[in-house]
Amino acid sequence: MADFAAYRTLKPSFTRQRRVLALGILTLLLTNLFTFVGPWVAKLAIDGLQARLTATTLLRYCSLIIGAALLQGLFRYWSRLQVIGVSREVEFDLRNLVFTRLLAQGPEFFQRHRIGDLMSRATSDIEAVRMVVGPGIMQLANTVFTFVIAIAMMLSLDPVLTLWSLLPMPAIALVMYLSAQLYHRRFLDVQVQQARLNSAAQENFSGIRVVKTYGLEEAQREVFLSANREYLARNMRLARALGFFHPLVAMIAGLGTLIVLWAGGRRIIAGGCTLGTLVAFMALFGLMTWPTIALGWVVSLFQRGSAAMGRINEILLAPVAVADPADPVAPAASSGGASLEFRRLTFTYPGRADAALRELSFAVAAGERVAIVGRTGSGKSTLLSLIPRLWPLADGCVFVDGVDVNRQRLERLRAGIGFVPQETFLFSDTIAANIALPEGEVDASTLAEVAAAGATAQFADDVAGFPDGWSTLVGERGITLSGGQKQRAAIARALLRRPRLLILDDALSSVDTETEERILDGVMRAHPERTVVFVSHRLSTMRRADRILVLEGGALVESGTHEALMAAGGSYRRLIDQQLLTEELEREDG
Amino acid sequence: MRHDHLIDEIEPRGFDRALLRRLLGYLAPYRGEVAFSILLLFGAALLQLVGPYLVKVGIDQYIAAGNLSGLDRVALLFIAAALAGFALRYAQTLLTYRIGQRAMMDLRLAVFDRIEAQSLAYFDRNPTGRLMTRVGSDVEVLQELFSSGAITVFGDLFTVIGVVAAMLAINVRLALVSFAVLPLLFGATILFRSRVRRSFRAIRQKVARMNSYLNEHLSGIAVVKLFWRERSAAARFESINDEHRQAFLGAVQAYAIFFPVVEFIGALAMALLLGYGGVQIIGGTLSFGSLVAFLEYVQRFYKPVQDLAEKFNILQSAMAAAERIFSVLDSVPEIRDPEAPAPAGRARGAVEFRDVSFSYKPGEEILRNISLAIAPGELVAIVGATGAGKSSIISLLGRLYDPQSGAVLLDGRDVREYTQRHLHRQMAVVLQDVFLFSGTVRGNIALGNPQITPEATEEAARRVGADSFIRRLPRGYETEVGERGALLSVGQKQLLSFARALAHDPPLLILDEATSSVDSESEMLIQQALAVLFAGRTSIVIAHRLSTIRGADRIVTLHKGRIRESGTHAELLHLNGIYAKLHRLQYS
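Just so you know, the sequences run in chain order A and B.
Residues 1 to 590, numbered by this note's numbering, are exactly what the first sequence covers, in order.
Residues 1001 to 1588, numbered by this note's numbering, are exactly what the second sequence covers, in order.
Hints in this document: simulated from the structure, not taken from any laboratory.
Certain hints may be false.
No farther apart than 27 Å at their CA atoms in a straight line, the calculated lysine-lysine pairs in the DSSO-like style are these [what the hints assert, rightly or not]:
#1 B:Lys-1560 / A:Lys-486
#2 B:Lys-1361 / B:Lys-1560
#3 A:Lys-486 / B:Lys-1361
#4 B:Lys-1581 / B:Lys-1560
#5 B:Lys-1206 / B:Lys-1311
Here the structure is a predicted model, which means the values were calculated and not measured.
Assemble the whole structure, with the sequences as input and the hints as a guide.
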């Protein structure tokens, strides 16, 4: 059955909305009260008609019904607006909360959870919870009120007939209970099979190359077909439960009318009650039928809702690996470049056995330009990603401006760093917005800064050729940028923030050598005080470094100027020789 | 790509007859069941009318007359009608469900088959996620229409018609009085529908906007973090979320008005009935039973009318899903089999590229005027820097794409003359990135080919040296490989893919050699396995590690889409051209 403890994360939101919700439920009660005026008046009218009532009284009864219906409508409107409105508010809060929590998570979280899965939690699971909070609560309250009022009215009209007519109620309750169990199981079975069906299709589509080259089309279709067959069979099992219990509840509820007619008829004949009472009972049963049937629906809503809430809680309650420290330390303010130090850093990615970086120690002075070289997989990118603390790391290993990064406020730490990663991510927005990453629209002064940063990144000429200049849309709805253009946009993005430490992780690999030279001139010469740490494969770029660090298998094996390392004839020398050959091959004409 | 994207954003057009007709076409194979189901609905609707009528008879004929045994008879009839109604509804629900499920299974398979028949270029353009939406959630939406909407609409219609007929039969004037409120009901429904449709359009836009913002910011989370945009992203999301909420509040408003209005109209009908019926009773032209029966019938009238309005919404979202699905079904595969395929037998393995030029995108030629003839049984290696066009050679040979000019021949015939199936059976392609299906190790070698016996599977594994590590796995050949083979190392996966190729014993072997580094023990195993694999068949190797191909009959260097050099290892080294440079690069 429903697990109510899961809903505890909604408490703050509910607390904020409790007045509106209370008012909504109160108006719901009023709605239900007025709903019962109709049957009551009908009874009076029928009894009156038997005793020859006047046309004026009849008219008064009719206007009473209409008046009550008007009030009922008004209260129904209010109560829906409030209760359903509250559910939308709770949904709004919950979704904001989920998004904020997701933003706080680091890369290891996104490796564990696929984005599609997180998306469905942020959309359909939240919707399932909202269905509980809104329609679920509303229908539950509606059913309770209807029952209480109807039974009270019945008792006041004719206690004996009430006992008779409530006979089917225990049966309905039993059927409800049994069916809820069965639905739940069969519904889960269907969902599990649906997931299998989808993964059969997904595997086939993502392995399409193997499927086609080994001629597996038939076999794959067979796999998909049998998953489909099982899905059908399970759906039919669910349908048998639905098809049996729904009409059963409707039938039992209908038997109430029969009992009223039969037992009530006998009482009328015996003189125990009036025809008006019988009519009122029938009308009351009419009012109770739908809430009774809806009860089953409410039960399934609550079940689905608590499963969804559990999945949402996995996001809300997930520990955050990289967070602000309790008592942050701010480094002394400086307008110059940032200094950097690694002290015996050994780093292992979460869930991996081998260390990616081993016993790494070095310091970079403010304003220094340091190149990091090494083969693929030697740990260059890992090293760079630890400076802005993208991964959780041990205390006392990485220092920026003399303060352990673990002790600095994340925003302050990252604000001083301009990081250009290997792969550029662009949002589907304008180029200017992608560079400025503004809070809202890009204003004129921001646009001027974008243009300046874009010019330094040698991107302005390209942009001038685009239909809307800096306001050209990129991504899904706009133009597609080349690899080199994307990289230059990313450089501009980093430069715009005037970082004290610039990190380039092989950030110019798709830009030709001459453009790269011009970009680096702009970046380094224009701001001699800026600290720059970069990874590159190009010899011309490496030469710009004051110092070169060579990584091998996560360890620092050589360090020094280009000339010194070339003279030493070690790893660096070998790397450079290979690099020269590769560059020579690239120049070979086609 | 732009086109496909547009398809994702199709606005439902509401009632599109051609679309609806095509959709209903999926019910055609089950027309007998559909007819029977409608018949059952008709019966169930009729039985619904029996209750109020029995109430009328009970009151007028027996309660008024004090006839107890008559009342018992009415009660028994009532029970019989209730039981029959239950049985009919049960049968009808099952039948309708089954029709819907089967029709949707047919549709799902049709979509699957159509996607499967597409060329690889299609899969490059359409990410798996998008294809999954077509097969998964879009079909799911239609399933709802078929299982609960399409057929039960008849039930609602029958009920409405039946109620109208029953009321007219009992008392024409009273019936007409009750119908007096109908124009109000229809008017309210029409107003509501246009208002809700507007809200839903706004909602769909906001939902799409919110989802894409969410998707994008989760994909680009690193940028958000590196540029400390967490707070502004959260603020932006909140405003998008707020628009989403506002859009929904519009619909909440519409529903909050509609439901009370319908209830009010119902109360109005009741007041009219009571007033007019009361006057008639006073005048002695109407019985009490008839009035009570009318009060019951009027109640039964509103539910189906409301349901019909609700089903219109299901229909609308189903239409949008149907349009997207049909656009998949209507996309013609770019690579098709010939009408009269060449006779199929085991190929000898002679391969020829005759002046082949190829590009993925117009203006960006990957291969330029490639001519290359490979004799049966020859081992040819193709080398070149990244982006030289090596992998495109494999794709053209397997006819995953067609070249823009020139021809690729197998045994002297253009590959376009064979069926794709036959062509693919002639070659085993071992790719860099080994794709493992979920299932056992054995299943991943035999790939469901009935001709590959368990013994043959193990023999193949033994010959490529995979047997020993497989036997060390927890359940040997029956070990589940886990999602994408998470359990196996890169080298092990590679050996497994060799065993797969060897077990299928094709006349042609194409190897796109792995660049990823493996430990030296695996490296040695792989080199030994390759020698086994090359024996007795034409082999084409796209080589990255030159050590693999030193023994090749011929080495061809591809540079910027053209063949530049061709010869044995020794000859090419002597030539001191591109191959020599590549060689020095690896062994300096």
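### Task
Give me the numbers of the hints this structure contradicts, sorted from smallest to largest.
none
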